[in-house]
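Number of protein chains: 2
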Amino acid sequence: MRSEFDFIHHIKKSYGLGRIGDDCAVLPKDSKTDLLITADMLVEDVDFRIGWTTPEFLGHKALAVSLSDIAAMGGQPTFAMLSLGVPERLWKSDFLDRFYAGWHGLARDFGVELVGGDVSRVPEKFVIDSIVLGEVERGRAIPRSGAKPGDKIYVTGSLGGAAGGLKLLESGTRPDQDLRQTVREMIERQLCPAPRLGVSSQLPASAMIDLSDGLSSDLGHICEASGAGAVIFAEQIPIDIRLDSIFTSLDEKLHLALDGGEDFELLFTADPKKNLPAEFADLTCIGEITANVGRMELIRDGVASEMKPKGFQHFRSN
Amino acid sequence: MRSEFDFIHHIKKSYGLGRIGDDCAVLPKDSKTDLLITADMLVEDVDFRIGWTTPEFLGHKALAVSLSDIAAMGGQPTFAMLSLGVPERLWKSDFLDRFYAGWHGLARDFGVELVGGDVSRVPEKFVIDSIVLGEVERGRAIPRSGAKPGDKIYVTGSLGGAAGGLKLLESGTRPDQDLRQTVREMIERQLCPAPRLGVSSQLPASAMIDLSDGLSSDLGHICEASGAGAVIFAEQIPIDIRLDSIFTSLDEKLHLALDGGEDFELLFTADPKKNLPAEFADLTCIGEITANVGRMELIRDGVASEMKPKGFQHFRSN
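Protein chains in written order, with my numbering: chain A, 1 to 318; chain B, 1 to 318.
No false leads were slipped in.
Cβ-to-Cβ under 10 Å is the rule here; a few derived chain B residues that face chain A:
#	residue
1	D22
2	L27
3	L35
4	T38
5	L42
6	V43
7	E44
8	T78
9	M81
10	G85
11	G116
12	R121
13	V122
14	I131
Okay, derived cross-link-like pairs now, DSSO-like style, lysine-lysine, Cα gap no bigger than 27 Å in a straight line:
#	chain 1	residue 1	chain 2	residue 2
15	A	K29	B	K32
16	A	K92	B	K125
17	B	K167	B	K310
18	A	K32	B	K29
19	B	K310	A	K92
20	A	K125	B	K125
21	B	K92	A	K310
22	B	K92	A	K125
23	A	K148	A	K273
24	B	K29	A	K29
25	A	K273	A	K152
26	A	K32	B	K32
To give an idea of the interface, some chain B residues facing chain A are shown, with a C-beta separation under 10 Å as derived from the structure:
#	residue
27	L82
28	S120
29	P123
30	D129
It should be emphasised that the hints constitute simulated quantities derived from the structure, not laboratory data.
All C-beta atoms, glycine included, are put in the ideal place defined by N, C-alpha and C.
If we strip away everything but chain A, and leave its shape as in the complex, we get:
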């Protein structure tokens, strides 16, 4: 019997659904521009819990995950659609007004215009399908498949914070409580992520992906698409320093940074001869692409071990 993971992989691969190949579909627009398009379905109690977030954060995140896909292609977002399946309990409150306020706040920041979508009743669980269109200079969309042996591997920002926030939510912390600053920041990292637009279109990247599944999984996607391998140096991984206030074990923090998902930072590779834009202090080199096809290694304290994709399952294992 197929497992859920096998099934989703099979469906995506067989039918061209989802992002087996890349974060967005790239379609011809005009002589100078390609059109990007991405869809992300978020399901209550699978991808989020209504009681763990706020309607505003949920609206923000529904758009942020798709904007992050546009960022990962080196593009800029333009238009969006939103299809909502709404259970009766939610349409009888101000939930959707607040959800939309969160969505629209982020859309305004990036000049994204809502042009359509659909609304339906659903029997039970709230379902969101977030669709975002974007643009990129013709032929310049950054694929997952362009990494070459010798390319350096970089990440933006810091890693593990969103997974740390999820741990806090799982242990009962909620955004409407009176919280310490670091705790609040970490759960907001999980509930209200910031897509890395702007940076991404200026990077001399040979391959790029957004960190939604987690570093070990998403690097695996780049290696698979590029027919390459990778070495990562554990000491160079920019672990979110806020994790220090909750987790004392370095092993645990490293696990969250490697395998925790939803940081929505960018992971990219670049030819070492290329200069990175000096204004982006927020980039860290964490390793190198190798010719060792399909093998990812983690070097820690000078010792190499195999790194397997262990993407955070989020609520999916429930």
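Given chain A, work out where chain B should sit, using these hints.
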């Protein structure tokens, strides 16, 4: 407390979701072409019942409803995305393989390429979000708002068959049974509709919409968007002749043709001085646009009565 209808109308109107304005969003593509995009969410036990259809029919219909939106703008479809929320009971069978076979059969007929989407687990009910992109000559998309007093009102094909098919399904008829030809055709009209592409881009229409909600509702949308009224002649409505084999009452047949939805025929208005393409024998003039803003009248046996939008609620009233 808001009703479901009020809620959906409020959300669509407030937030620009759905098709309050038109069947598709129209976006600039290049100097000669506009891009069309539409999304339709179909939810198990709201928009369809798994036990009443086949996986192939459901896949076909999921695409057909969106192709019909492209047709209603006078456009041609190009690319599609499909986001699926799949409950465990379905991914452990061949359901999705068969669903996709139905989807792809129709996509092939119209040269539509699947370029992406998403797949997620859902706790209970199967959810489909069908997204279709299309093209139309720049500035030539046919809106709902272009109807002028004096324009003739036309429909393609015949009306009421899909609603008749739904009645049969509600009374226990199923597509896998041994059925009379007319009965089979009628339930397939409901379960496996044919979008009116091809015809639509050659019509000299001033306003157009596809008949998804039903003639009385969809004509209401044209009148509202155009700031006009309408007169319909009951005797001219092309009632599906297959209804004769099931319903003896003319009142009932007329009700299905006026208020039954999902025939996915086209309803359009045209200046009477314009010639309709002679090769389309399948067009019927059923009335005329008036200056009587917001009022729709039905003339039957020489007597006028007010016609109110009574769109088929499908399963939505459950």
